[in-house]
Amino acid sequence: MNDTNGVGARAHRLGGADRVTGHQRYVADIPMAETLHAKLVTVDCAHARILSIDTSAAERVPGVAFVMTAADLPQPMPRFGPEYQDRPVLADGEVKYHGEPVAAVAAETKDAAEEAATLVKVEYEPLPAIFTIAAALYPSAELVQDPSIRRPGPHIETNVLREYRFGWGDVEEMHADVVVEHTYTWPMQTHFAIEPHGFMAAPDGDGIAAWSSIQHPYQLQKTLAKVLGMPMSKVRVFAPDPGGAFGGKQHPKLEPLVAFMALRADRPVRLILTLEEAFQAVRRAGTEIRARMGFKSDGTLVFQDYVNHFLTGAYADTGDRITAKASFLTAGPYRTPAVRIVARSVLSHTTPTHPYRGFGIPQVTWARESCLDEGAIALGIDRLEIRLRNLVKYGEEHVPGDTPADGNWEQTVRKAAEEIRWGTPLPPGQGRGIAIGVKSGPTTGLSYSTVRFLADGSVLVFSGTSDMGQGARTIFAQIAAEELGVPLDRVAMVMGDTSVVPYDQQTSASRSSVLMGNAVLNACRDIQRKIKAMASHLHDIDESEIVVDRGVVHLPDRDLPIVDVLKAGLGRMGGELVGNGESRKQADPDHPLGGTALFFEFNCTACDVAVDPDTGETTVLRHVTVGDVGFALNPMQVTGQDEGAAVMGLGHALMEHLILDDEGRTRNLGAIDYRIPTSLDLPLELHSFIVENADGPGPYGVKGISEGSLLCTAPAVAAAVRDATGVVIRDLPLSPERVWRAMQEQP
Amino acid sequence: MQSFSYVRPTTVEEAIALLEEHGEGARLLAGGTDLVIELRNRWRKPKIVVDLKRIEELRPSIRQEDARLVITAGTVMADLAADERVRKHFPALVEAADVVGSIQIRNRATLAGNICNGSPAADTAPPLLVYGAEIVVAGKKGRRRVPVDEFIVGPGKVDLGPAELVTAIELPMPTPPIAAAYTRMTRRRGTDLASITLCCGVDANGTTRLAYGSVGPRALLVVDDTGVLADPAASDEDKAPTLARMFAAASPSPKSMRAGPEYRVAMLPVLGARALHTAIERLARSS
Amino acid sequence: MNETMHMEMTVNGRVRSLDVAVNHTLLDVLRDDIGLTGTKECCVVGECGACTVLVDGIPMNSCLMLGIEADGAEVLTVEGLAEGGHLNRMQEAFLDTGAAQCGFCIPGQLMSATALLQRNPHPTVADINEALAGNLCRCAGYQQISAAILASVQGAAP
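Chains as they are written, first to last, in the numbering used here: chain A, 54 to 800; chain B, 83 to 369; chain C, 928 to 1085.
If a hint is listed, it holds; no wrong ones were tucked in.
Heads up, simulated BS3-like pairs for lysine-lysine below, C-alpha to C-alpha not over 30 Å straight-line:
#1 A:Lys163 with B:Lys129
#2 A:Lys468 with A:Lys446
#3 A:Lys174 with B:Lys129
I should point out that these hints are in silico values taken from the structure, not numbers from a laboratory.
Modelling step: build the complete structure from the supplied sequences, incorporating the hints.
Right, dumping it as structure tokens:
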């Protein structure tokens, strides 16, 4: 590492100064003249037939431009979605989840829009709503989606969107000394990014410009082009940094509606969701997983057998992909002769399931690690020992045919065990737990980057990745600084504009350090090749005798900084060098997931807790999280993400759940009754560690990070609670009341 | 936000006149931490909002008058928690004031507003009940003093006529002194609405005053003057039956999102015993 | 038509004289009328603290105050922290510890922290966590935030 604040440096975040001065512009902050304010109209029902919509009173409110309903949209209703194009721009004759927009007001002021929205009279007939797995799978259950909009398949007359069968070997043929079988549930939760979603659209010549807090600007561009019937070249998406996303801002939701409104108004239209509306817009899949594990008496795994039900929403959104990708890895990083996984994504009259940090892995991990602990206890084997015994080694396949273990995972586990002081005694009322999580990075991917090396040696890097707090902007600048030998403060990033920045498939699955990192690296290598040619020409030396590496041009007799060669090469006319880089993860059509894992995020979490025996309140005394990261491009940002994920994971484990009433309506919308951790809810000690073996596929051996530290938080905490109290809890969250109840029911 | 008129009278009499004129169409604004949410959610649609903060008599102040502490209606939770006299003589009220939301809320929320809002889960209600507070109410006919136990009526309901407002809350210096502690049950350690609020006070006469809320339509005050509960020498087992009887009137709602009724009923004696312990310790330390 | 009233308040040292709709919150007035969008809107029920500003030096949720209630007051927002165009000590500390991730909660955190140091110049981590309990961070950089505040205490080692 050179002294440019390049890779590995604890460099100040690019964009940090704007964040601490209030100058950072999120979607809601962007000044835009002549903007109309939009307000959604919804009905307080999880499932209803829309009989009529009377907008007359609303339209009479001074300042109202119009009220858009389904009747104002093209017929048939345009539908969109990342995998299944089943989501209508506005509810189409039927409300299918609590909060589905039925109409939208556009007005000169927020007050007028809000006032008018309360005056839109929607006549509707409430219909029974399906919002549990049991209800959805009941043989005579009403269908959430009509077969006519479903893809042909064996489950088209059911609420099973899709069924997957993964595994190897023959579970039925295996003999185990001990078999453990239990069902574990995980509730629906919501992301609660501190920035509620924001969307804006404005006509732009014969095209459209759209602003969104979106993680995937290019996916949005594609969707808008299709829905609006425009060429992609005429759809420009601006993607300001989201104020937190955690997966909840990945795919389009309300942008198509806002775009139609802007085209109708021939003016910009902006819609900023309330926090309550954000909760209704995005959620995590709730799950019921029946886990069955067979062990030899020495704790070796013989088989793992799962039935996974993911409660996805009224429209597929990403629910089905989450079911598949997470279920594929349910058996975890353990050597298991036979595995059977039957997974079903189940439709319901609830908010569509959207990606949520962990992408289903926390839910399957909850079942697996909890069941593994129950096996350890039944066998009388130490819970750390049983994991180490079954953990695959570096290079070993834990899913036959897929990417083998890409790290020394035992090192990560032992580090966690050491830091939690596994094996040392705890006083009564306290307990210790440990758990392992593994998630695959992306299975396909495509990132391009352009780097422009300017005449004065400063650099512009173009990257389509979204910086939603994880610090993407900074690490790519650090890579360019490193490779071109330029101080970090002379590198500027250009992001968030699909007309100016080349394509990046998406910001998800912790992929960006690797995929976009490699694209930026390759763009820099492209420039380095041109520098080599320049040096060859300038010094009359054959290119084969020149090496350009990390900011330095190595000639046979001396070294020169790249910047010097650049300036000499460009000469009096100036100019610049442009480098392009591409990074691709190829699809594999024969693979059940469409591609193998690019890398794995592997984490071991361990904690000590104290449980109040009278109230059930759990205090996390010490929390340790260790991740196998390959290389920390920016250690400060890695710590921020790891600690942040750990705290979010504790929220999921201890306090977060969406509460529905008897009719499927969400009761705890908003910040008062959906509890997330505050500064007072931190563990008494929280420590994050990383293992760096430079064994990842990204630049300098990097792997992806940001999801690892919440993959196995829940089972680690529940294991500690069990260790402290003897109670086994298989349903989350571990609120004081639930822990108390479990203690009461214990014989 | 819905539309309304806004006015800021400078005397109590002006405010009362406005209330008389507008009746149900007027809402009083002090700290706004409840009202602004109400207005935004359109739970009520007042024509006029009457801001009390320019009324000199109601400006935040805590003063001692004879043997009582007079807390004006404009006094906020942060003021209460910082006042030496409140901390010394009414520590359970400080403990409650300290958990009414975050510091930002406590810098705005008034004690008077917390009581007048009438939430069964109001943190300050149990300490005010234990300490025997009196609410000073101003109306057209003059001022009246209402014991807090009579002032609190039910959910969202207090003994305030349509053209009346609270001007102060008075805390009589108890004789003999009451040593009290406040505790609550929440879903997380961070700021939260309580699923149980509880205050327990003991005095040298052996009287135990126990007030608890969020387990029924209003916070309740129950008194034990058998001396059993306040007895530092008696064991928890000896006290348990008496303590259990103190909670006989609890009727938590089965529909609450925050905690189920069975849990709340079970936690009452647990929290009650803990607050009782602390109160007894405080009494012992003070003598 | 919304009733309006004239008010004057000092915002970040500058006197602002304006007609505000009485039903607009201080948050609305700061963001929409004055154009200071550094203060953020999130929960609007006084739980998240993203809208925290100092009113006469005291931290408050601007989403729960009507703008008109700040008539005659001195208001400090995040835009008023920098000194002569330079980041102040606390802002620098937030960058040094990586406390600002997505950044959306940061203005509120900075305002609460500024008020804390004014009333308690040498807080412990426990003091900080208590004072900032009303500022939610979902990126959950709580530990980096408290480290930054400790580092910005006068006399702290750099």
